[in-house]
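J.: One-letter residues, chain by chain:
Protein chains: 2
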Amino acid sequence: LNLEVINTGTELLLGNVVNTHLAYIGKAVFPLGLRIERQVTVPDGAAIRRALLNAFPRCDLLIVTGGLGPTTDDLTREIAAELLGLPLQLDPSVEEHIQERCRRRGFAIRDRMLRQAMVPMGARVLFNANGTAPGLYLPPVETPSWASPHLFLLPGPPRELKPMFQKQVLPLLEHLVPDRAGYAMWSYRVVGLGESAVEELIGLELDAHPLLEVGYCARPNEVDLRLIGPVYLLEELEPQILEKLGPNLVGMGESLMEDVIVHALKERGQTLATAESCSGGLIGHRITNVPGASAVYLQGLVTYSNQSKERLLGVPAALIAQEGAVSGPVAAAMAEGARQVAGSDFAVATTGIAGPTGGSPERPVGTVFISVIGPDGAPEVYHECFPTDRETFKQVTSQAALDYLRRKILEY
Amino acid sequence: LNLEVINTGTELLLGNVVNTHLAYIGKAVFPLGLRIERQVTVPDGAAIRRALLNAFPRCDLLIVTGGLGPTTDDLTREIAAELLGLPLQLDPSVEEHIQERCRRRGFAIRDRMLRQAMVPMGARVLFNANGTAPGLYLPPVETPSWASPHLFLLPGPPRELKPMFQKQVLPLLEHLVPDRAGYAMWSYRVVGLGESAVEELIGLELDAHPLLEVGYCARPNEVDLRLIGPVYLLEELEPQILEKLGPNLVGMGESLMEDVIVHALKERGQTLATAESCSGGLIGHRITNVPGASAVYLQGLVTYSNQSKERLLGVPAALIAQEGAVSGPVAAAMAEGARQVAGSDFAVATTGIAGPTGGSPERPVGTVFISVIGPDGAPEVYHECFPTDRETFKQVTSQAALDYLRRKILEY
Numbered sequence: 089l090n091l092e093v094i095n096t097g098t099e100l101l102l103g104n105v106v107n108t109h110l111a112y113i114g115k116a117v118f119p120l121g122l123r124i125e126r127q128v129t130v131p132d133g134a135a136i137r138r139a140l141l142n143a144f145p146r147c148d149l150l151i152v153t154g155g156l157g158p159t160t161d162d163l164t165r166e167i168a169a170e171l172l173g174l175p176l177q178l179d180p181s182v183e184e185h186i187q188e189r190c191r192r193r194g195f196a197i198r199d200r201m202l203r204q205a206m207v208p209m210g211a212r213v214l215f216n217a218n219g220t221a222p223g224l225y226l227p228p229v230e231t232p233s234w235a236s237p238h239l240f241l242l243p244g245p246p247r248e249l250k251p252m253f254q255k256q257v258l259p260l261l262e263h264l265v266p267d268r269a270g271y272a273m274w275s276y277r278v279v280g281l282g283e284s285a286v287e288e289l290i291g292l293e294l295d296a297h298p299l300l301e302v303g304y305c306a307r308p309n310e311v312d313l314r315l316i317g318p319v320y321l322l323e324e325l326e327p328q329i330l331e332k333l334g335p336n337l338v339g340m341g342e343s344l345m346e347d348v349i350v351h352a353l354k355e356r357g358q359t360l361a362t363a364e365s366c367s368g369g370l371i372g373h374r375i376t377n378v379p380g381a382s383a384v385y386l387q388g389l390v391t392y393s394n395q396s397k398e399r400l401l402g403v404p405a406a407l408i409a410q411e412g413a414v415s416g417p418v419a420a421a422m423a424e425g426a427r428q429v430a431g432s433d434f435a436v437a438t439t440g441i442a443g444p445t446g447g448s449p450e451r452p453v454g455t456v457f458i459s460v461i462g463p464d465g466a467p468e469v470y471h472e473c474f475p476t477d478r479e480t481f482k483q484v485t486s487q488a489a490l491d492y493l494r495r496k497i498l499e500y
Numbered sequence: 089l090n091l092e093v094i095n096t097g098t099e100l101l102l103g104n105v106v107n108t109h110l111a112y113i114g115k116a117v118f119p120l121g122l123r124i125e126r127q128v129t130v131p132d133g134a135a136i137r138r139a140l141l142n143a144f145p146r147c148d149l150l151i152v153t154g155g156l157g158p159t160t161d162d163l164t165r166e167i168a169a170e171l172l173g174l175p176l177q178l179d180p181s182v183e184e185h186i187q188e189r190c191r192r193r194g195f196a197i198r199d200r201m202l203r204q205a206m207v208p209m210g211a212r213v214l215f216n217a218n219g220t221a222p223g224l225y226l227p228p229v230e231t232p233s234w235a236s237p238h239l240f241l242l243p244g245p246p247r248e249l250k251p252m253f254q255k256q257v258l259p260l261l262e263h264l265v266p267d268r269a270g271y272a273m274w275s276y277r278v279v280g281l282g283e284s285a286v287e288e289l290i291g292l293e294l295d296a297h298p299l300l301e302v303g304y305c306a307r308p309n310e311v312d313l314r315l316i317g318p319v320y321l322l323e324e325l326e327p328q329i330l331e332k333l334g335p336n337l338v339g340m341g342e343s344l345m346e347d348v349i350v351h352a353l354k355e356r357g358q359t360l361a362t363a364e365s366c367s368g369g370l371i372g373h374r375i376t377n378v379p380g381a382s383a384v385y386l387q388g389l390v391t392y393s394n395q396s397k398e399r400l401l402g403v404p405a406a407l408i409a410q411e412g413a414v415s416g417p418v419a420a421a422m423a424e425g426a427r428q429v430a431g432s433d434f435a436v437a438t439t440g441i442a443g444p445t446g447g448s449p450e451r452p453v454g455t456v457f458i459s460v461i462g463p464d465g466a467p468e469v470y471h472e473c474f475p476t477d478r479e480t481f482k483q484v485t486s487q488a489a490l491d492y493l494r495r496k497i498l499e500y
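Those protein sequences? They're chains A and B, same order as listed.
To get our numbering, take the position in the first sequence, counting from 1, and add 88.
To get our numbering, take the position in the second sequence, counting from 1, and add 88.
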């Protein structure tokens, strides 16, 4: 079944709002075996007409978001009804809902609000728990020259759309699509290998399976290998994929590096401390994004100044003077200090030059030393260079540091 | 000039990745007087062909993202070249760049990586500072039946696309679009006032100007007031807007709270330390995102455990036992300790319950105490409750803490 999505909203095209509906709907329909084949964003107003006419001949299912509100640029309902030749009729239950909401919020009812109670003949009203404009489901209409798809008109605000989608649209879709049980999407999150290396290592071989769809997504210092196919086949292939990816596999599905680390430490009953210079707290931030991090993360030190490296971590002033604050020995001393001060099992430390200034020919902007230390108390040091903008530098530095930490934890 | 955007990427339609390119590009082109008229998302692979053919007749400018990488599903470059009838030629400078990057990162060069060095005849190479695949600008090609638009092919990963767009695409677009001098979009970033309060305070009055387009964007703990109009009018209105918004105005344009804080401290020659429990390093991360933060940010302590609050910040164990770790007195003691240990002028501290577990009837999930302290050494404490998911809680907590800090700094 061909499913398309049309998002209406001038704010999406101006860039004031990021479109999160596409990703939300894409994820929500996948378990039904449905995939969005194409998505279009058009501005508020009459542009929806051309987008609908363009999509009708191609689609079996069409989901439109936005343009159902009370203002003059909200035209989705009227244009859809006109194209399908369906007269609009006042729906008393929707009218009652709008009046009730206005009373509750102390708003005066305006005539244009009741426009939202006009429903195309034959449409099914989708109740809006968080707003006045109902959603609408319009079954296919056949004309001599074309048949319209199953058409869903949904409100634009995410907090109105999401519960409506979950509770009312998905059950309707379930009736429309043939059963696709036994089909799934599995993702493998890989670090330490580039996209083409992953393809060469395992992707081409997987691609040879006629039932399998193989895809890749490159993220900062990470590649996601995505497989869509029958569950029995995914299960059958898993052992060889795990073997080939080895320690480069961070995890599967939605699990991030920080999730993997917190869960591994929790399972082992071990603890962690961080000492960050150039990553500036981002490693601590990522670790503490994981629910339950407090059980394993004892403390984090953002030691930006030399003095704080000396005082808080016990890094010898002479070592900083001799080697420079951005150096392997200082990174190692920071990791040792962090572990000792916190009394943790593991520690990770970063020191580097995020830029845009502060570089030298010997230590250019992007230079970073990462040290990880485990229960054996012997720090390991890694020297990397990520010459990029400041925020990306911090992102990839935290990613690399967490990966070295993850590999270290795996050793125990 | 009609501008459209095509985003390719199966992961966008599956919902694994949220499309942030549309909003980024929409914002970036606005100052040139350009607006995106239509945007389409299609999967990786051959679907790009139909999307291009469909868009060509309508567009003057067409921006395509994704599908330039080394894997077999990356076909944008090949299909565009074929449609325009342009043979592909190996570009030695791109080849050299790919080899150089692989050498630097210690990756072996694979044949398929060099596909990325194949450039359609007549195309302009857009250098990729953060990846191997270059962007491409293809000037219009005329055929007997149609003329192609100015076509930009850009890489999918945001950290590759953004600097390329800023440094290379915008200057090219500037040459292509007629001058729109005298017209601008100004944003005022406001905290401490809701959207409708901002509208009542100043928005309705601004809306009465026929030359002005007024918009709002609500973000976590912040409202952006957006004005589009002639520069002379924006300048004329500025003083009264500044006066009405007063200390609730964080800054204008893209300047974030953390930028304002770092610049204010720098100007005054003063310094800052942080002590974070529930915000887990996010405040430090935001502060260190600002170039030059090292001049003012002495250190940050992520004191997640009680022990680390005692040891690192000198919070009395008895105080924690008596008041609880999540309490006003502990927040104040953390701020005092952070300032004293670092020897800084200002300090900010957070302690709270991010959830999803750990709440009690007295201190529900979302509870947070924020303390700020300045040169006079007297900590102020604020009690807030943000009952939401963990990541949003950290975001709004850091936003509130930075705002209290900002207001404190303004006093000096």
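It should be emphasised that the hints constitute simulated quantities derived from the structure, not laboratory data.
By construction, the Cβ of each residue, glycine as well, lies at the ideal position given by its N, Cα and C atoms.
There may be inaccurate statements among the hints.
From the structure, some residues in chain B lie toward chain A, with a derived Cβ separation under 8 Å [as the list claims (entries may be wrong)]:
no., residue
1, Leu-101
2, Gln-187
3, Gly-317
4, Pro-318
5, Val-319
6, Leu-370
Computed cross-link-like contacts, BS3-like style, restricted to lysine-lysine with a CA-CA straight-line distance of at most 30 Å [to be verified]:
no., chain 1, residue 1, chain 2, residue 2
7, B, Lys-354, B, Lys-332
8, B, Lys-250, B, Lys-115
9, A, Lys-115, B, Lys-115
10, A, Lys-250, B, Lys-115
11, A, Lys-496, A, Lys-250
12, B, Lys-250, B, Lys-354
13, A, Lys-115, B, Lys-496
14, A, Lys-332, A, Lys-354
J.: Each hint: holds or not?
T.: Here is how each hint holds up against the structure:
1. Leu-101: With a closest approach of 4 Å, the Leu-101 (chain B) hint holds.
2. Gln-187: 14 Å, violated
3. Gly-317: Check failed: Cβ of Gly-317 (chain B) comes no nearer than 15 Å to chain A, outside 8 Å.
4. Pro-318: With Cβ-Cβ at 18 Å, over 8 Å, it is violated.
5. Val-319: Cβ of Val-319 (chain B) sits 19 Å from chain A, so the hint is violated.
6. Leu-370: Holds - the Cβ of Leu-370 (chain B) comes within 8 Å of chain A, reaching about 5 Å at its closest.
7. B:Lys-354 to B:Lys-332: 27 Å, holds
8. B:Lys-250 to B:Lys-115: Within the cut-off at roughly 12 Å; holds.
9. A:Lys-115 to B:Lys-115: Holds, because 27 Å separates the two Cα atoms, which is no more than 30 Å.
10. A:Lys-250 to B:Lys-115: Distance of about 26 Å is within 30 Å: holds.
11. A:Lys-496 to A:Lys-250: 41 Å, violated
12. B:Lys-250 to B:Lys-354: Given that 30 Å is the threshold and the Cα spacing comes to 28 Å, the pair holds.
13. A:Lys-115 to B:Lys-496: Answer violated: Lys-115 (chain A) to Lys-496 (chain B) is near 44 Å, above 30 Å.
14. A:Lys-332 to A:Lys-354: OK: Lys-332 (chain A) and Lys-354 (chain A) at ~27 Å, within 30 Å.
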